[in-house]
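**Student:** Residue numbers (the numbering used here), protein chains in the order written: chain V, 1 to 279; chain D, 1 to 287.
Just so you know, these hints were derived from the structure itself, not from any lab. Note that the structure is predicted; figures quoted are calculated from it, not measured. Built from N, CA and C at the ideal position, the CB exists for glycine as well. Check each hint, because a few of them may be wrong.
[Unchecked claim] Computed spacing ranges between beta-carbons, pair by pair: (1) V/F158 x D/T2: 52 to 62 Å; (2) V/R127 x D/L77: 32 to 42 Å; (3) D/I102 x V/K110: 34 to 44 Å; (4) D/I65 x V/K110: 26 to 36 Å; (5) D/A73 x V/A90: 48 to 58 Å; (6) V/A133 x D/P81: 48 to 58 Å; (7) D/E261 x V/F158: 30 to 40 Å; (8) V/H12 x D/P105: 47 to 57 Å.
Residues per chain, in single letters:
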Amino acid sequence: MTTGSPLLTAEHVTKAFGGVMAVHDVSLTIDAMAIHGLIGPNGAGKSTLISLLSGFARPDSGEICFDGRDVTQLGPARLARLGMARTFQAATPLAGMTVLENIQVALTIKYRSGLFSVLARTPAMRREAKALAAQARELLAVFGLLADADRPARDLPFGKLRYLEIARAVATEPKLLMLDEPAAGLNQVEVDQLAALISWVRADGVAVLLVDHDVSFLFSICDRITVLNFGKVVVSGSAAEVRGSELLREAYLGPAIPQHPDPPVAESRRPESRHLEAQ
Amino acid sequence: MTLAVGIAIGSVYALVGMGYSLVYRTTGVVNFTVGSYVVLGGLGTWWLLDQAHFPYGLAVIGGIILAGAIAGAFWTLIVIPLWRRRSPAYVVLLSTVIGGAIIAPLTELLITPQAEELPPWVSGFTLHISGSDISGQYVFVIAAGLAVLAGVSLFLRQTMLGKQLRACGASRETSRLLGIHPELAGGIIMVITGLIGGLAGALITPAQSSEASMGLTFGIFGFAAAALGGLDSVAGAFLGGILLGTGQAFIDRYYTPNYDEVIVFALLVAILVLRPNGLFGRAEHAG
């Protein structure tokens, strides 16, 4: 698959929670191997949209196609096996397991031979297990977590925990990786590292859907941007097109303040603002 | 002598306790049906041997499979629908208590209303310890306890399936992200738990007769064993069972057999006040 061909298409997707239109008639196309940004103020429906795309919630109406098949009614485990990975805003390390084991479990998704075959201790299985451990360590090295491999995952500091989440999602060998506010709460050095890691993931042939408040971070690495507000798509296009769009500014500041050069950035990156997100 | 009896009784609690621990570690569910599988294994074996005239070995295997099948059926018919409807944990727990309460009268109705005993696995195998006789059958019970402990620990730590199951226990949502179906994983672990319980039943029924109503007793003592050792630690549940049985045996011998359960449970509460996560449990568990 090459850049430009659509990997995921959502058409007229709608989801209401108790009368509130969290996502309203949203259509979206994510191209293979592209980095697609999704921005919008708190409560714009970004997280709900990711939940719909990743199977954690079912849309009330509309259709979602992924990699050439209708996946509207599929659950998250099936979608994960079809090549869709995501992270949550709050880190979800597997308690009681080490950093390395977190990655290893994610890598087992490729045991197509079935769950029980790994119980058989044939030499081939042992080789496979060895290869798996090596692969897990390789991935940890890329994400700067190799020294922490044998630590309990929940003991990691905040920033590293975020990297572990992403590494674990990458370990499922997705075609599409959806990151829900990966930069939230990170300092500038960590945000730069994160941008490099996301570019590395894309270079590996993975499309990325990136949700964040941090507009400058998104524009620095995204090929395409979709702006959501009040559950609707306000504008969607290439990063250059959207950057110049008056509609982006309006979504953040309202229509009345044209002289502000950039939407607010620093404020929206505070972690506590995550709790305001409508979910 | 008292110690030997205690360890023998305790190894039954240990087997049941490991069932609790296994299910809890991999699904987050506290499962009070475990005691029922002991009875099903024992009485199922008895029925196949005594009523259907199977050879003993085959009857034992049949009884164990029966317990595993009922465990799988309970999971599929009761727990999965509750999960699908996002029932809170206490409802799932209640369903396991009710499950145990339903399995007992069904066992009475369909298998036997009486206490039944199986022949010993090796006839005439008796241990003489300080002048008293202990059924040699308990040797098999203890050996099975150790074998199950070793097998289950290796399985959870070393195999990829074991790691996937632990991932489910840590977080159902996260395990879904990794392509694991927690419903299927829970079903696998429930069948394993049923098989372990069934094995325990087939093993102890030659030493002490089984009847349908005993499922509840096994269930409570097994849960106490697991809580004593630490519900999220399989080895802890095993040691908890041995400690519980030994404590009970010593109170029987040196104090009074009438109130042994009261005293054992009072001690259990005292220990849990001092160590809320059990003797060998970890400080936290994100279920």
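**Student:** Does each hint fit the structure? Answer for all of them.
**Tutor:** For each hint, the structure was consulted:
{"no.": "1", "hint": "V/F158 x D/T2: 52 to 62 Å", "result": "54 Å, holds"}
{"no.": "2", "hint": "V/R127 x D/L77: 32 to 42 Å", "result": "40 Å, holds"}
{"no.": "3", "hint": "D/I102 x V/K110: 34 to 44 Å", "result": "41 Å, holds"}
{"no.": "4", "hint": "D/I65 x V/K110: 26 to 36 Å", "result": "32 Å, holds"}
{"no.": "5", "hint": "D/A73 x V/A90: 48 to 58 Å", "result": "36 Å, violated"}
{"no.": "6", "hint": "V/A133 x D/P81: 48 to 58 Å", "result": "38 Å, violated"}
{"no.": "7", "hint": "D/E261 x V/F158: 30 to 40 Å", "result": "48 Å, violated"}
{"no.": "8", "hint": "V/H12 x D/P105: 47 to 57 Å", "result": "54 Å, holds"}
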